Amino acid sequence: MKTFALLSSAFSFSHRLAFAIVGWSAVLSTCYGQSSESADAKSVMRIGIIGLDTSHAPAFVKLWNDGKADGLLAKQQIVCAFPGGSPDIESSISRVPQYTKEISELGVQIVSSVDELVSQVDAVVITTLDGRKHLEQVLPVMRAGKPLFIDKPLAGTLADAIVIQKCGEIYHSRWFTSSSLRFSPGIYKYRTDDLLRKQVKGAIAWSPCSLESTHPDLFWYGVHGVESLYTAMGAGCEKVSRVTSQGTDVAIGLWKDGRVGEFRGLRDGAKDYGLVVFGESKIELGGKYEGYAPLVQEIASFFEGAPAPVSPAESVELFAFMEAADESKRRDGAQVKLSEVVEKAMATANDWIAKNPQQPNVPK
482 MKTFALLSSA
492 FSFSHRLAFA
502 IVGWSAVLST
512 CYGQSSESAD
522 AKSVMRIGII
532 GLDTSHAPAF
542 VKLWNDGKAD
552 GLLAKQQIVC
562 AFPGGSPDIE
572 SSISRVPQYT
582 KEISELGVQI
592 VSSVDELVSQ
602 VDAVVITTLD
612 GRKHLEQVLP
622 VMRAGKPLFI
632 DKPLAGTLAD
642 AIVIQKCGEI
652 YHSRWFTSSS
662 LRFSPGIYKY
672 RTDDLLRKQV
682 KGAIAWSPCS
692 LESTHPDLFW
702 YGVHGVESLY
712 TAMGAGCEKV
722 SRVTSQGTDV
732 AIGLWKDGRV
742 GEFRGLRDGA
752 KDYGLVVFGE
762 SKIELGGKYE
772 GYAPLVQEIA
782 SFFEGAPAPV
792 SPAESVELFA
802 FMEAADESKR
812 RDGAQVKLSE
822 VVEKAMATAN
832 DWIAKNPQQP
842 NVPK
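Under my numbering, the first residue of the sequence shown is numbered 482, with each subsequent residue one higher.
Because the hints were derived from the structure by calculation, they are not lab data.
Keep in mind that a hint or two might mislead.
[As the list claims (entries may be wrong)] Below, computed lysine-lysine pairings styled on DSSO-like, alpha-carbon distance capped at 27 Å: (1) K810 to K720; (2) K549 to K582; (3) K670 to K752; (4) K682 to K769; (5) K769 to K543; (6) K763 to K682; (7) K818 to K737; (8) K556 to K543; (9) K720 to K825; (10) K670 to K682; (11) K752 to K769; (12) K818 to K682; (13) K670 to K720; (14) K836 to K647; (15) K627 to K679; (16) K825 to K836; (17) K825 to K627; (18) K627 to K737; (19) K720 to K682; (20) K627 to K556; (21) K825 to K810; (22) K763 to K679; (23) K737 to K763; (24) K670 to K769; (25) K720 to K679; (26) K679 to K818; (27) K679 to K769; (28) K763 to K752; (29) K720 to K818; (30) K720 to K647; (31) K543 to K582; (32) K627 to K543.
All values derive from a computational prediction rather than experimental measurement.
The whole structure should be built from the sequences, with the hints applied where relevant.
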């Protein structure tokens with residue numbers, strides 16, 4: 482109880498500080514463009530950002546609101562943000578005050594609720610660190626019929642990921658989710674180059690894989706490397722087995738066409754991102770992280786009407802891969818079918834939908 486009181490106190494303080502910032506005069510340097518008022522005057526697409534507890538949030542604001550931005554980014558601007566934060570995750574709640582201050586000083590209006598944010602924007606980016614909060618945050622956006630990007634992890638459980646997918650169908654919502662790793666040119670080429678994609682016989686991806694007790698093991702950070710693996714391999718994994726130690730996780734997937742894909746999660750020693758792709762005629766080494774800009778460009782294109790670069794079905798399968806890896810760990814490395822964990826999560830998702838009926842949008 483004492484720990485909970487301390488967390489609640491920290492949560493209360495961070496939010497008091499975050500909303501006190503709203504009263505400050507917004508100061509924008511010329512390198513980061515214009516205020517939200519001038520954005521409205523120019524009729525640019527207004528974007529809202531939910532979740533100021535991760536470095537992704539200020540990084541996105543700086544890219545979108547750069548006064549030197551061209552192309553689609555010159556036609557879009559982040560105009561308001563909701564801080565959020567999770568009191569039971571120290572790496573979340575401790576960051577809210579600083580990132581809120583930083584983003585406010587970049588000319589972004591800080592609002593007090595998700596509903597308030599949704600009412601003021603044309604599109605929404607969710608950067609909330611805690612995947613458990615994503616379901617409650619996406620619903621107001623989907624109900625409003627506004628395009629949506631959900632930063633990793635899609636959800637805190639596979640069941641929640643399926644609920645988000647189902648609600649997207651109910652509300653005819655345009656949304657996608659991804660790690661920024663997917664769109665690094667050295668990784669994404671396996672999707673954009675048909676010849677390369679057809680020649681992929683297998684792949685090994687690796688990334689840092691720190692753990693967070695509130696989330697399944699690979700959801701928190703290993704998702705970056707799993708996203709790289711899926712970008713190269715595509716959907717279609719049927720079974721997963723996992724070997725785990727204090728410093729390392731290895732999840733090996735068998736695809737329905739006989740190909741094998743492997744993710745290696747790093748906690749000990751050197752920690753970096755990488756990808757080896759085994760092709761028809763050569764083996765390629767790459768998969769380095771190349772910043773947030775490629776992801777932001779994809780989001781901007783999607784907000785302007787381009788097709789989602791990642792389908793909801795593939796994203797849910799990616800999370801089923803990670804859930805199957807967790808189940809394999811519980812079974813001492815036994816092979817686990819993705820269909821098994823999906824069936825269990827689907828039952829939970831259907832139960833949630835039954836208890837929380839969603840009303841579809843009425844066409845105007």
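Hints versus structure:
Annotation: proposed proximity of K810 to K720 holds, straight-line Cα distance about 13 Å (limit 27 Å). Of the pairs offered as hints, the one joining K549 and K582 holds, with about 23 Å between alpha carbons and a cut-off of 27 Å not exceeded. Under the criterion of a C-alpha separation no larger than 27 Å, the hint pairing K670 with K752 is consistent with the structure, at around 23 Å. Simply put, K682 and K769 have alpha-carbon atoms about 20 Å apart, close enough for the 27 Å limit, and the pair holds.
Proposed proximity of K769 and K543 is supported: the alpha carbons are some 22 Å apart, at most 27 Å. At roughly 10 Å between alpha-carbon atoms, K763 and K682 fall within 27 Å of each other, so this suggested pair holds. Our distance criterion of 27 Å between C-alpha atoms is met by K818 and K737, whose separation comes to about 11 Å. Our distance criterion of 27 Å between C-alpha atoms is met by K556 and K543, whose separation comes to about 14 Å.
Between the alpha carbons of K720 and K825 the distance comes to roughly 15 Å, so the proposed pair stays at or under 27 Å and holds. Distance check on the hinted pair: K670 and K682 sit about 15 Å apart at the alpha-carbon level, within 27 Å; holds. Between K752 and K769 the CA atoms are separated by roughly 12 Å; this keeps the pair inside 27 Å, and the hint holds. A distance of roughly 21 Å separates the Cα atoms of K818 and K682; the hinted pair therefore holds under the 27 Å criterion.
Under the criterion of a C-alpha separation no larger than 27 Å, the hint pairing K670 with K720 is consistent with the structure, at around 26 Å. At roughly 14 Å between alpha-carbon atoms, K836 and K647 fall within 27 Å of each other, so this suggested pair holds. For a cut-off of 27 Å, the pair hint linking K627 to K679 is broken: about 35 Å separates their Cα positions. Simply put, K825 and K836 have alpha-carbon atoms about 17 Å apart, close enough for the 27 Å limit, and the pair holds.
Of the pairs offered as hints, the one joining K825 and K627 is violated, with about 30 Å between alpha carbons and a cut-off of 27 Å exceeded. The hinted pair formed by K627 and K737 fails the criterion: a straight-line CA distance of about 36 Å is larger than 27 Å. Restraint check for K720 and K682: the C-alpha separation of about 17 Å stays at or below 27 Å, so the hint holds. Proximity of K627 to K556 is assessed by CA-CA distance (about 17 Å); at most 27 Å being required, the pair is judged to hold.
Pair hint K825 plus K810 holds up; C-alpha atoms about 17 Å apart against a cutoff of 27 Å. In summary, the hint linking K763 to K679 is supported, as the alpha carbons are separated by about 13 Å, within the 27 Å threshold. At most 27 Å may separate the alpha-carbon atoms for a hinted pair to count; K737 and K763 meet this at roughly 23 Å. Under the criterion of a C-alpha separation no larger than 27 Å, the hint pairing K670 with K769 is consistent with the structure, at around 12 Å.
At roughly 21 Å between alpha-carbon atoms, K720 and K679 fall within 27 Å of each other, so this suggested pair holds. Distance check on the hinted pair: K679 and K818 sit about 25 Å apart at the alpha-carbon level, within 27 Å; holds. With a C-alpha separation of about 21 Å, the suggested pairing of K679 with K769 holds against the 27 Å cut-off. Taken as a hint, the K763 and K752 pair is honoured in the structure, with Cα atoms around 26 Å apart against an allowance of 27 Å.
Only pairs whose Cα atoms come within 27 Å are accepted, and K720 paired with K818 is accepted, the gap being roughly 4 Å. With a C-alpha separation of about 24 Å, the suggested pairing of K720 with K647 holds against the 27 Å cut-off. Of the supplied pair hints, the one linking K543 and K582 holds, its CA atoms being roughly 14 Å apart against a limit of 27 Å. Taking the CA atoms of K627 and K543, the gap is near 22 Å; set against the 27 Å cutoff, the hint holds.
When held up to the earlier numbered hints, the structure conflicts with 15, 17, 18 and fits the remainder.
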